[in-house]
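Asks: Sequence:
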Amino acid sequence: MKLVTVEIDHQPHAGILEGGEIALLGSGLKEILASGEDLRTLAGKLRLPAEGAKLLAPIPDPGLVLSVGMNYHEHLKEMKTPVPEKPAAFTKSVASIIGSGAAIKVPASNPDMLDWEGEFSVVIGKPCHRVKAAQALDYVAGYTLVNDVSARDWVAPIFKAQGTMGPIHAWEHNLLGKMFPTFCPMGPCIVTKDELPDPANVQIRTRLNGKLMQDANTDDLVFSVVELIEYYSQFYLFRPGDVITTGSPSGVGFGRNPKVFMKPGDVVEVEVKEIGILRNPIEA
Numbered sequence: 001m002k003l004v005t006v007e008i009d010h011q012p013h014a015g016i017l018e019g020g021e022i023a024l025l026g027s028g029l030k031e032i033l034a035s036g037e038d039l040r041t042l043a044g045k046l047r048l049p050a051e052g053a054k055l056l057a058p059i060p061d062p063g064l065v066l067s068v069g070m071n072y073h074e075h076l077k078e079m080k081t082p083v084p085e086k087p088a089a090f091t092k093s094v095a096s097i098i099g100s101g102a103a104i105k106v107p108a109s110n111p112d113m114l115d116w117e118g119e120f121s122v123v124i125g126k127p128c129h130r131v132k133a134a135q136a137l138d139y140v141a142g143y144t145l146v147n148d149v150s151a152r153d154w155v156a157p158i159f160k161a162q163g164t165m166g167p168i169h170a171w172e173h174n175l176l177g178k179m180f181p182t183f184c185p186m187g188p189c190i191v192t193k194d195e196l197p198d199p200a201n202v203q204i205r206t207r208l209n210g211k212l213m214q215d216a217n218t219d220d221l222v223f224s225v226v227e228l229i230e231y232y233s234q235f236y237l238f239r240p241g242d243v244i245t246t247g248s249p250s251g252v253g254f255g256r257n258p259k260v261f262m263k264p265g266d267v268v269e270v271e272v273k274e275i276g277i278l279r280n281p282i283e284a
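So for the sequence shown, the working numbering puts the first residue at 1; every next one is plus one.
Just so you know, these hints were derived from the structure itself, not from any lab. Please note: incorrect hints may appear among the correct ones.
Claimed, not checked - Heads up, simulated DSSO-like pairs for lysine-lysine below, C-alpha to C-alpha not over 30 Å straight-line: (1) K160 <-> K77; (2) K273 <-> K54; (3) K259 <-> K86; (4) K80 <-> K193; (5) K105 <-> K80; (6) K193 <-> K86; (7) K211 <-> K105; (8) K86 <-> K126; (9) K80 <-> K160; (10) K54 <-> K126; (11) K263 <-> K54; (12) K273 <-> K160; (13) K126 <-> K45; (14) K160 <-> K263; (15) K273 <-> K126; (16) K132 <-> K86; (17) K2 <-> K193; (18) K263 <-> K211; (19) K259 <-> K54; (20) K273 <-> K45; (21) K263 <-> K193; (22) K273 <-> K132; (23) K132 <-> K2; (24) K105 <-> K273; (25) K77 <-> K211; (26) K263 <-> K80; (27) K2 <-> K45; (28) K2 <-> K211; (29) K259 <-> K2; (30) K263 <-> K105; (31) K105 <-> K259; (32) K105 <-> K54; (33) K273 <-> K263; (34) K2 <-> K105; (35) K259 <-> K211; (36) K2 <-> K126; (37) K193 <-> K126.
Could you build all of it, start to finish, from the sequences and the hints given here?
Replies: Okay, structure coming up:
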């Protein structure tokens, strides 16, 4: 199944995308996942055409977006970063989430180094704490796409920072460059895990104005989906609707020579065949 959230009369409504129609459900996807009910039994008779529907992020208000970084071997090479011994992540601002079709707004304070990071992402389906990798997929509802948009102004200073507090503040500013409003496009849907049974073999692509920028397979991940869930569930109590991004492949704008950044008028797309295309224009 492909699960979506659509805006009707300025209100979010969950639904199942079936062919050219959206079968509406009774409440939000986060609440439905938490209930454990069979999604198809909740679909009522009310349907609307998928064409022209305004899709929001499939989970517009997750309790947590955990964004994993430094997790593709080839991306580490282009960023001249050593392979980490254990996963590294930060929490992405939930307030920065937008859906497919919505505009990424260029921040007036930092307009010049706007970069893309297309990321295959996991949606948790039931409470998850201290689980082993072998059981990790039992806690997954499905998968979606996230573009971890980043203002790269603070990447270079990380490698020049000195002392104790210098690297700490440099890294914090790098993360703050990912928190601006609209910097977490998500969608266009959640595909349930039965339709994408092997998260260790997923092809993901990112295009800027139609030009292919990222083209990778999740078999290049340093830490797999199940390893990430096992590691981070030691600390977090993941709840239904929480999202874990798995990191950016190689091909980001900052890693190119010459560097390439997004600007107003551009369109960025992230695609996984089984999920669809997350498409967002860039606006001032």
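Asks: Could you work out which earlier hints the structure fails to respect and list their numbers in ascending sequence?
Replies: Those not satisfied are hints 4, 12, 19, 21 and 29.
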